[in-house]
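Guided by the hints, dock chain B onto chain A, whose structure is given.
The listed protein sequences derive, respectively, from chains A and B.
FYI, this note's numbering numbers position 51 of the first sequence as 51, with every residue one higher than the one before it.
FYI, this note's numbering numbers position 2 of the second sequence as 2, with every residue one higher than the one before it.
The reader is advised that the hints may include incorrect statements.
In silico contact screen, one side only, chain B against chain A (beta carbon under 10 Å); selected entries [claimed, not checked]:
| no. | residue |
| --- | --- |
| 1 | His6 |
| 2 | Ile10 |
| 3 | Arg11 |
| 4 | Leu13 |
| 5 | Asp88 |
| 6 | Ala89 |
I should point out that these hints are in silico values taken from the structure, not numbers from a laboratory.
We put the CB at the ideal spot given by N, CA and C, even for glycine.
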Amino acid sequence: MITADPQTRNTDDLRRSAQMAAAQAGDRAAYEALLRDCVPLIRAIAGRVGVPPDRGDDVVQDVLLTIHRARQTFDPGRSFTAWLRVIAERRSIDLLRQVGRHSAREFHAPLAFEAYPDEGADPTRGVEQAEVSDRVNDALATLPPRQREAVEALVLQEQSLTEAAAVTRRTKVALKVNLHRALKALRGKLQRTE
Amino acid sequence: MTASPHDALIRGLAADLQPVRRLPPPPLRALGWLGAVAAIAVALAVFADMHAVWGRMAAAPDMWLAVLGSTATAVLAGIAAFELSLPDARRAWAWLPLPGAVLWVGASGFGCLRAWVLPETHVAVLDESRDCILFIVALSVPLSALLLMMLRRACPLYPGLTAAIGGLAVAAAAATLLNLFHPYDAAATDLVVHIVAVALVVLANRMLGGRVFAASHFATPM
Chain A
1 MITADPQTRN
11 TDDLRRSAQM
21 AAAQAGDRAA
31 YEALLRDCVP
41 LIRAIAGRVG
51 VPPDRGDDVV
61 QDVLLTIHRA
71 RQTFDPGRSF
81 TAWLRVIAER
91 RSIDLLRQVG
101 RHSAREFHAP
111 LAFEAYPDEG
121 ADPTRGVEQA
131 EVSDRVNDAL
141 ATLPPRQREA
151 VEALVLQEQS
161 LTEAAAVTRR
171 TKVALKVNLH
181 RALKALRGKL
191 QRTE
Chain B
1 MTASPHDALI
11 RGLAADLQPV
21 RRLPPPPLRA
31 LGWLGAVAAI
41 AVALAVFADM
51 HAVWGRMAAA
61 PDMWLAVLGS
71 TATAVLAGIA
81 AFELSLPDAR
91 RAWAWLPLPG
101 AVLWVGASGF
111 GCLRAWVLPE
121 THVAVLDESR
131 DCILFIVALS
141 VPLSALLLMM
151 LRRACPLYPG
161 LTAAIGGLAV
171 AAAAATLLNL
181 FHPYDAAATD
191 LVVHIVAVAL
201 VVLANRMLGG
211 RVFAASHFAT
221 PM
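Pulled out of the complex, with its shape left as it was, chain B reads as follows:
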């Protein structure tokens, strides 16, 4: 066999070889993360006034649609992020959360229109909107940390895109859970505040996640 300039590297990698546990399929891994989100939801529901939550939902069916949209976005973006974390993933997975996001934004936008039609609805003022941002961002921190740790176990070759879609899953999950403590009806200001919060979380994940994946790129897999 002729000497290859990569002999030393190949011998080094072979010497470094440790048995690894094969990663489960991406939807199953996404289910693990969604399970953690569900556990947090149950824990938060203990502190929430569930009667008031059901009352608000029953009074405004478009809020159901918005919640359904944000939940679908969290689930689909979660699956897409785990798919994208594989080194041979197709970039097109990034489009998977689109239907959920369209429903989410569409239903929230419809809620804004209704606020104009029904003037007695309680619209969030600036202070309350700030609480929304704080809630979404604060809840996003542990959810992002968990998701990035889980995604890091694979080897994303699109680190920025994977982290951004993961950020969308996190922001959508946090926005869904916000409904437990959100006694306001949808309004244009509220919608803008939510969009800003989601954009912040996606951007932070995009920047931080890209670095986390790049730093771990050639680390020994867990």
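Same shape as in the complex, but just chain A:
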């Protein structure tokens, strides 16, 4: 556990610790203010660890979710900034490892990519795709709001279940059920229009 000398804690840190204590008691306004305050700090820590700027938002999101999950472990007598720093550093390292694993399997070859002939290229495909897209949009519009919301968040915006649950304020189970029902309904509607 990381400790901090109370003498060295500045007013910002004391305020954050107090906000986190309030959040533990259920104060949503204090929590929201604290999370907003954390974003630039997390980004700075991620940058120091070596996370590329275009992946900074991934670390921020991961750390915000970790704070939420771990909020009951924070001791308000300790430094919130030190607590956040350790979590942000670990999440940054996790992301760098992930990126490292991906890049070990992939390599950058823009010329080869440009020169690769697309054997399935078909000039009429664009028109067909537009038609399919219209049909899907029409079918989507007929879905009940909760089912549509599940499809939009999980499929169209490619959000994770956790992210979508946080954004839509629904439980993961409810989202899964709605997505399942929506996909079934969409399949039926699209088959009928074919």
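Chain B only, in chain A's frame:
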């Protein structure tokens, strides 16, 4: 205020906020788990022949040391696992059970030497060794389930390491309780069997615990 790409997430998390009970310090939480182990020990002692247990211990002082070592390993590894379950824990906590483990393995190894010096000692045969493994593994199941549930309440950012050290605590506790029903003296085969059983439990916890923590990572805390 400029719009942040995380606005929706922050609003969602704030809306999801429920009051939480602050977790007690890790040693106190470890004490809770050790209390459950002690309760199981008392329950098992009712069925054990305690006179025979004391007799064996009195005849071979190194067995006391081995029991002391396994008990110390269970206590220290338990504390280390609860410390590691905090998101800001230092990795170095994983070394805490080392002194207990050294004493445990050292004293058990010394017992093997004595078995050669005193040929009349009763050495466990294969069937009896299998019972040892079964006892350690069977007792480890409820102890692991309880420990993982308790560790899950925190938020380990080293899930595999936390679960493995928790597994060591469980295996050491089970091996300590095995002494209540273990009428054999230490021997090389017995020591190997115990090491295999402990390794099995640690590995199973490492694999299962890692998944349990990963699955619960972003679940709402209890």
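To see whether the hints hold, each was checked on the structure:
no.: 1; hint: His6; verdict: holds, 6 Å
no.: 2; hint: Ile10; verdict: holds, 5 Å
no.: 3; hint: Arg11; verdict: holds, 7 Å
no.: 4; hint: Leu13; verdict: holds, 5 Å
no.: 5; hint: Asp88; verdict: holds, 4 Å
no.: 6; hint: Ala89; verdict: holds, 6 Å
Checked against the numbered hints given earlier, this structure breaks none of them.
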